[in-house]
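For chain A, the structure is supplied; the task is to place chain B on it using the hints.
The residues making up each chain are set out below.
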Amino acid sequence: MSILINKKTKVIVQGITGRDGSFHAQQMKKYGTNIVGGVTPGKGGTKVSGIPVFNTVAEAVKATKANTSVIYVPPSFAVDAVYEAADAGIKLIVCITEGVPANDMLKVYDYIKDKDVRMVGPNCPGLISPDQSKVGIMPGNICKKGPIGVVSRSGTLTYEAIWALTCADLGQTTCIGIGGDQIIGTNFIDVLQMFEDDSATKAVVMIGEIGGSDEEEAAKFVKRKMTKPVVGFIAGRTAPPGKRMGHAGAIISGGSGTAKEKVEALNAAGIPVAASPTELPVYIKEKLEKAKAKAKAKGPAKTKKAKTASKKKTSAKKKTAGKSSAKRKK
Amino acid sequence: MKIHEYQAKEIFAAAGIPVPQGRVASTPAEVVEIAEEIGRPVMVKAQVHVGGRGKAGGIQYAENLEAARVWAQKIIGMDLKGLKVNKVLITEAADILTECYVGIIIDRASKAPVIMVSPAGGIDIEEVAAKTPEKIFKLAVDPTVGLKAYQARDLASKLYKDIKLVRQAADVLMKLYDVYWKIDASLVEINPLITTPDGKVVALDAKINIDDNGLFRQKAVADMRDIQAEEPAEVEAREGDLSFVKLSGNIGCIVNGAGLAMATMDLVKHYGGDPANFLDIGGSSNPQKVLTAMRIILSDTNVRAILINIFGGITRCDDVANGIVMAYEELKPEVPIVVRLTGTNEDKAKKILKSTKLEFGKTLDDVVKRAIELSEAEITV
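In the order they appear, the protein sequences are chains A and B.
Here the first sequence stands for residues 0 to 329, where the numbers follow numbering that gives the first Met the number 0.
Here the second sequence stands for residues 0 to 380, where the numbers follow numbering that gives the first Met the number 0.
So that you can see chain A by itself, here it is in the shape it has in the complex (with noise of 0.2 Å):
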């Protein structure tokens, strides 16, 4: 199992002729992900590496039936992009493209919050899901399948992460980087609830860095929804201060978003939070001992029980999370 992307994922590529865009479609396509098309306005017909051309999001759905989308265009159609996409009906839309105007972001998911689609990014490297798909620019060759779930705002960081885990035989379910910029389309609480809701997920890695009040969020989310143990990481425990927005910047997030606030309110939550990447498998397994150690005490019968409790309890989250985001739209 795995989280919003597997083997039956259809996906298309907007900007497949474009320098990064073929590349990465030819990386995907070896990894064996469904690639059944890509996008590129005037260039219908053709085709790059055997992945059919069209002009519109639209055409390729018709003829494709795809439900995702990974967009490598340049930062000034990004934008536009995401809207086609949205607009063909695509149910996933990766935004792989660095570089784009946070205003114009702040419209585009005023625009598809109400829709049925979800965004990932942008400026992410996207996400994969070992033996099954990848989405975006990860390197397929440092993941492996297993019961990890990794979440991360980070890119290069994330392949880090993702190999200390891979070394230590710990494989993963899905490994998704939701992207540095201020305004994303998908964020740390929606994939932890994703991951509390899968059950070939059994724990979890977050990797987070200064800036903003997400991890948090997302720690009080873990405290209060999440049965499965989540393991932290911080970057930029070191970094300079004065990289705020003048005074609005403290004021607006109620505190500096400095990495000390942030280990101290995963802490808070029982997240335990590495001081290396190397040291992410350590707590991961004694996560996961004590885990198991608490189901063998509780025995057979009342593991039953549990579940049953757990899939109510899914159930009750969802509505939650209707709410919230609800809330969100005020």
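The hints are simulated quantities; they were obtained by calculation from the structure and are not laboratory data.
Beta carbons: idealized from backbone N, C-alpha and C, even for Gly.
It cannot be assumed that every hint is accurate.
With a Cα cut of at most 27 Å, we get these calculated DSSO-like pairs of lysine-lysine [claimed, not checked]: (1) K284/A <-> K268/B; (2) K106/A <-> K174/B; (3) K80/B <-> K259/A; (4) K268/B <-> K259/A; (5) K54/B <-> K80/B; (6) K112/A <-> K147/B; (7) K112/A <-> K64/A; (8) K245/B <-> K268/B; (9) K106/A <-> K181/B; (10) K143/A <-> K347/B; (11) K130/B <-> K219/A; (12) K349/B <-> K143/A; (13) K347/B <-> K29/A.
Which bits of chain B does chain A cover? Going by a derived footprint, with three or more residues having C-beta under 8 Å, they are [unchecked claim]: (14) 102-115; (15) 255-265; (16) 341-355; (17) 361-370.
Structure of chain B alone, referenced to chain A:
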């Protein structure tokens, strides 16, 4: 990107937001000339990218031309929190009845531009926010529809009772919101927004930060960048398409990706070392970037060892290796360099680097520890 107060005020004035009469100067003679034009007491205000200029002595009142000249001589060239003052803004000194705060900032949590206003404006606004948050009023604006006039009036009425002042402040808010969108700002701020004895609402200060991602379509604003007001190494880094922040330690770091760069710095500190910089060569693997990165780091005389940590994804290790070889030949570095290259084309990279005297490490922890050892050994020699 930050711009100066005088530039922000030019933008405000063009948008119809009332600002005090004034102009920027870079010599005492110009200052006196502008003060004479204004013909009233003036303020001499240092133009540097740092907050708390007033408290640091960079903003002074000049009753007459002589005082203006004296303050200009003192402020131009002075060191303000580590930055040299090259320019001063001369504006007419206003009579202040009340001081408010208004600002608009992009808010990642509500995914909207948030307008903040407070009747308790002035130099202690951060303290006000921390101690008496009830004095700060916030509104998340619908990014698609924009700020509605009644919302602006509502916010303005938190600042003033007099309807004439409320109308003026509401007008300022509407125009400020327009400015925010039109120039791809991430922050616009007026602190203080004052009222004068003759019943006018005026923006006495102005602060604008621009979203770097929007600069490609904001040529006029991009041209406002004051390179003299920035750290030279940071300017070189930006022109070479690198992210760089100078720090005070002695271990130079070259990393791909901001998160990994921060994590590498953190680990240096964790094992008892001190990073000399934050440097992210980005996702592309142009060897030229590595050369620029090495040049910037070697120009820092504090640096005793260099740590290169690359996790290849899009970045190809062999490209980075070629850059390192170029840097070796061109710059002839004398400080020891420790390298870790993992990921795409790692083996090719190691072949390329065989001819150099580089030390290799396998894991992130290994190379960090080794770099610290080398940096300390160098000091005792």
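Structure-based check of each hint:
no. : hint              : result
1   : K284/A <-> K268/B : 26 Å, holds
2   : K106/A <-> K174/B : 20 Å, holds
3   : K80/B <-> K259/A  : 25 Å, holds
4   : K268/B <-> K259/A : 14 Å, holds
5   : K54/B <-> K80/B   : 11 Å, holds
6   : K112/A <-> K147/B : 21 Å, holds
7   : K112/A <-> K64/A  : 23 Å, holds
8   : K245/B <-> K268/B : 15 Å, holds
9   : K106/A <-> K181/B : 14 Å, holds
10  : K143/A <-> K347/B : 24 Å, holds
11  : K130/B <-> K219/A : 24 Å, holds
12  : K349/B <-> K143/A : 25 Å, holds
13  : K347/B <-> K29/A  : 21 Å, holds
14  : 102-115           : holds (count 13)
15  : 255-265           : holds (count 9)
16  : 341-355           : holds (count 3)
17  : 361-370           : holds (count 3)
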